[in-house]
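Build out the structure end to end from the sequences listed, making use of the hints.
As a plain string of letters, each chain reads:
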Amino acid sequence: MSELVDDPLQKNHQAAIEAILAGKGRYDSLLLKWSDWLNPILVKETRQALKSRQFTWTFGLLLIAVIAWTVAGISLMIPGIYYMASGGALLSGYFLILLVPVGIVVPFTAFRSMAAELEDGTFEILSISSLKPRQIVVGKLTVAILQATIYFSALAPCIALTYLLRGLPIQIIILVLAGTAILSVLLSTLAILFASLGRNRTGQVGLLLMLMIVVFPSNFSWASLILNFISEGVQPEGWEQWLAMLVFAGFCLSYVWLGIQAAAARIGFAADNHSTGIRWILLIQHFSLICVFTTAQILYGVEEEAWIALLSILGFHWGIAGAMMIGEQGIFSPRARRTLPQTLEGRIFFTWLNPGSGTGYVFCVLCYLSAAIYVLIVTSIKWKLNAPLRFPLYEFAFLCVAYLTFYLGATRLMMLMIGKFLTSRMVGSVAITLLLILFGAMLPMFYSYWQNNFRMAVYEFYLFPNMFWTLSYIDDSLKTGALYWLGLSAVIVFQANLLFLTRDVMLVRVEAPPRVRQERNEKMAETETPVDPLAI
Amino acid sequence: MSPMIELRRLHRFFGATRAVNDISFEVFRGQVFGFIGPNGAGKTTSMRILATLELPSYGDALIDGLSVVNDPDLVRTRMGFMPDGFGTYANVNCVEYLDFFARSYGLAGSDRTRALRHVLDFTGLEKIASKPIRGLSKGMRQRLCLGRAMIHDPAVLILDEPANGLDPRARIELRRMIRQLAEDGKTILVSSHILTELAEMCDQVGIIERGQLLAVGRVDEIQKDMRKHTHVEVSLLDNCLALSLWLRDQPNVSHVQFNGTQCEFRFDGNPQGQAELLRAISEAGYPLLTFSAKQQSLEDIFMQITTGAIQ
Chain W
1 MSELVDDPLQ
11 KNHQAAIEAI
21 LAGKGRYDSL
31 LLKWSDWLNP
41 ILVKETRQAL
51 KSRQFTWTFG
61 LLLIAVIAWT
71 VAGISLMIPG
81 IYYMASGGAL
91 LSGYFLILLV
101 PVGIVVPFTA
111 FRSMAAELED
121 GTFEILSISS
131 LKPRQIVVGK
141 LTVAILQATI
151 YFSALAPCIA
161 LTYLLRGLPI
171 QIIILVLAGT
181 AILSVLLSTL
191 AILFASLGRN
201 RTGQVGLLLM
211 LMIVVFPSNF
221 SWASLILNFI
231 SEGVQPEGWE
241 QWLAMLVFAG
251 FCLSYVWLGI
261 QAAAARIGFA
271 ADNHSTGIRW
281 ILLIQHFSLI
291 CVFTTAQILY
301 GVEEEAWIAL
311 LSILGFHWGI
321 AGAMMIGEQG
331 IFSPRARRTL
341 PQTLEGRIFF
351 TWLNPGSGTG
361 YVFCVLCYLS
371 AAIYVLIVTS
381 IKWKLNAPLR
391 FPLYEFAFLC
401 VAYLTFYLGA
411 TRLMMLMIGK
421 FLTSRMVGSV
431 AITLLLILFG
441 AMLPMFYSYW
451 QNNFRMAVYE
461 FYLFPNMFWT
471 LSYIDDSLKT
481 GALYWLGLSA
491 VIVFQANLLF
501 LTRDVMLVRV
511 EAPPRVRQER
521 NEKMAETETP
531 VDPLAI
Chain B
1 MSPMIELRRL
11 HRFFGATRAV
21 NDISFEVFRG
31 QVFGFIGPNG
41 AGKTTSMRIL
51 ATLELPSYGD
61 ALIDGLSVVN
71 DPDLVRTRMG
81 FMPDGFGTYA
91 NVNCVEYLDF
101 FARSYGLAGS
111 DRTRALRHVL
121 DFTGLEKIAS
131 KPIRGLSKGM
141 RQRLCLGRAM
151 IHDPAVLILD
161 EPANGLDPRA
171 RIELRRMIRQ
181 LAEDGKTILV
191 SSHILTELAE
201 MCDQVGIIER
211 GQLLAVGRVD
221 EIQKDMRKHT
231 HVEVSLLDNC
241 LALSLWLRDQ
251 PNVSHVQFNG
261 TQCEFRFDGN
271 PQGQAELLRA
281 ISEAGYPLLT
291 FSAKQQSLED
301 IFMQITTGAI
311 Q
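The listed protein sequences derive, respectively, from chains W and B. Per this note's numbering, the first sequence starts with residue 1, numbered consecutively. Per this note's numbering, the second sequence starts with residue 1, numbered consecutively.
Careful: at least some of the hints might be erroneous.
As the list claims (entries may be wrong) - Label-pair restraints from in silico Cβ distances:
{"no.": "1", "chain 1": "B", "residue 1": "Arg179", "chain 2": "W", "residue 2": "Ser52", "range": "39 to 45 Å"}
{"no.": "2", "chain 1": "W", "residue 1": "Leu422", "chain 2": "B", "residue 2": "Lys138", "range": "36 to 42 Å"}
{"no.": "3", "chain 1": "B", "residue 1": "Glu299", "chain 2": "W", "residue 2": "Leu422", "range": "39 to 45 Å"}
{"no.": "4", "chain 1": "W", "residue 1": "Leu499", "chain 2": "B", "residue 2": "Lys138", "range": "55 to 61 Å"}
{"no.": "5", "chain 1": "B", "residue 1": "Glu299", "chain 2": "W", "residue 2": "Leu499", "range": "33 to 39 Å"}
What the hints assert, rightly or not - Listed below are the simulated DSSO-like cross-link pairs for lysine-lysine, each with C-alpha atoms no more than 30 Å apart in a straight line:
{"no.": "6", "chain 1": "B", "residue 1": "Lys127", "chain 2": "W", "residue 2": "Lys24"}
{"no.": "7", "chain 1": "W", "residue 1": "Lys24", "chain 2": "W", "residue 2": "Lys51"}
{"no.": "8", "chain 1": "W", "residue 1": "Lys51", "chain 2": "B", "residue 2": "Lys131"}
These aren't lab readings, by the way, just hints derived from the structure by calculation. Glycine included, every Cβ here is placed at the ideal spot set by N, Cα and C.
This is how it looks when you write it as structure tokens:
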């Protein structure tokens, strides 16, 4: 035994064990106790990052760039820096330096972290631990946020310096920092979601390319906007503008929440109910958007364009969500059936939140229809109050609802036929929706050209599947025939879908087996929470 | 006593391939169950279903009475899985790796410390605690993987080819660890290609081929069932030609071969029939030197039962 302890290699191993089990010193032990309250993935990846070259190099390069810019910027601006508005110029440089690690490196690191779990086979052993899929996703996101925070903190003294210089109001600094932080969180969530979609290396490469397509333009747009704001001296003024920005930030964060749920659903156990949580978030976003536009109407009396914008945003919202929901298989294990609504009212209102392509389709159509009806009611009241509509809003709302019903319904009917041959139903249903929209636009247009000897196409009623053309002709020469045919098609497609809805809506709740109830009772009786380290 | 592992008419289809086709068996507390079968037989798929990594197409699998389909969360607290392939993390040493999984299983404070110390001690990983995982030998990695699977003290351990690629010493040590775990009351399902090893450490074995369970039970029970085709070796003082001709006329005897004073044949009868045949040879006046019914090893049984067909 004495030989073992005397061996320097063994001493290292003993020290490593003690460092993990008890900590190296007083503060270390305290941190170790605190870490019981943290997500295990955060603890593990922080340990990894502290040893990784990538983090060290990024942080080192960030510091070098910041110091170099500070020295170069001040040298160039001296002596004007004492009396000229030079804070903005300096902030622009810091902002661009910060955007590289925070807006690019952090999201790609989050992507790699998640993709590596799936590629290296570590995810499987992680997924059978007590960690819930959402904890895994949140853990990955927390690591990204922690890294971004470290990069932000490295720049904190420099940002303080820019505020001390002339010509830079605090509002713009808050906007830059808060906006960049939200962008980083949004992109990191998206990166984790993308990584969770791929199951092999080829898929991951494709998803990485897609992520690049999103990340670089987003950073470029944000950088252009902020540099423009700084150079033009634009800054938010008045509580309304701050409120509007807060609302916008809230929506961005709601999409972070949605992304977390979606990624967790993707990596979760196949027999779990992944859908209901996501549908609740979509519904909350739906009503929040309506509330925001209603508030704007009440406070400022917005024009019709705002309602068109609302219907368009919600059209995208439900169109994308609906295309994905139609890909759901609707596997309903007895476990998931234990949570089904029981009462008649519960079944009428909440059945549409259950997984399944049929419930998903009806859920999307009903939600969007409710928004359209609401918009029509509000604008009717406004019209009654002697503010005549300048735009055929009724037709627009009708077309939007009909297109959503028609294309999502047609996708579902196709999925019922070919869904079992697809390896990824969700990707398949999104692809089918896009193809249907594309063919719906191209084929009638081609026919129209052919009718006119390929010289010019004239809008005729049979062009109704072309949503882009129909919606663009809405305010002048839209033929009523198109409205009629589209409405009829949407009703037929909806009816056809209802015929295949029985399986999704006939499910009833089942009770948990006695063995499970016994286990739960035992678990509740012996649940132990981590000891509060602050109590010592 | 209720079984700790129970497979009930388990099926798993991948398109037209029936990876697992109607498998049922039970394993009780403290038993080591060996899962034997050629590559692609459905061992790993069955184990992955038990580990809640895949859903069965039909049927169910239960761990400690809890369904892997309907209550995977509860099953996971009672089961530790050691897969064939072992993914690792960069920049993580052995003790950090185990600490991470202990945290992932919700172990905190002194419980985690106790679990880590126990696992490090049991697997003998204390001596390499600060080594990065990526620098470990195959044997050490298997130990670490076993340690990870048992960090939350599960009642059931599912080990997929744990001895694969290990040197003889590491195999013996692993076998000793598995037997020790069974003595401590763990129920273990282990698959392996090294049949002799399974015969030594398993209380029960199941032979699987093309997704179907061909035989299940204790090794000696299966051997007993297989004895209707006993392989007998006889040696005489003289040439065996006359004996071999004589044997061909005897009931239940087939596949007679001879080489000098040695003669081999297959006997399709019970031990009593063997005794009668021995007496008959002796009474027929052949100068009998030895008469031995060859005991079938697990390998023989495996070869006899399986056809080597793949799907």
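Given the proposed pairing of Lys127 of chain B with Lys24 of chain W, does the C-alpha separation stay at or below 30 Å? 19 Å, holds
Can you tell me whether the CB distance of Arg179 of chain B to Ser52 of chain W sits inside 39 to 45 Å? 40 Å, holds
Do the Cβ positions of Leu499 of chain W and Lys138 of chain B conform to the proposed distance bound of 55 to 61 Å? 58 Å, holds
Do the alpha carbons of Lys24 of chain W and Lys51 of chain W lie within 30 Å of each other, as the hint requires? Holds: Lys24 of chain W and Lys51 of chain W sit about 17 Å apart, inside 30 Å.
Using the C-beta atoms of Glu299 of chain B and Leu422 of chain W, is the stated range 39 to 45 Å upheld? 44 Å, holds
Taking the CB of Leu422 of chain W and the CB of Lys138 of chain B, does the distance hold inside 36 to 42 Å? Since Leu422 of chain W and Lys138 of chain B have Cβ atoms about 39 Å apart, the given range 36 to 42 Å holds.
If I claimed the Cβ atoms of Glu299 of chain B and Leu499 of chain W lie 33 to 39 Å apart, would that claim hold in this structure? 59 Å Cβ-Cβ, so the 33 to 39 Å window is violated.
Can you confirm whether the C-alpha distance between Lys51 of chain W and Lys131 of chain B stays at or below 30 Å? Status holds; Cα separation ~13 Å.
Violated hint for the displayed structure: number 5, the only one.
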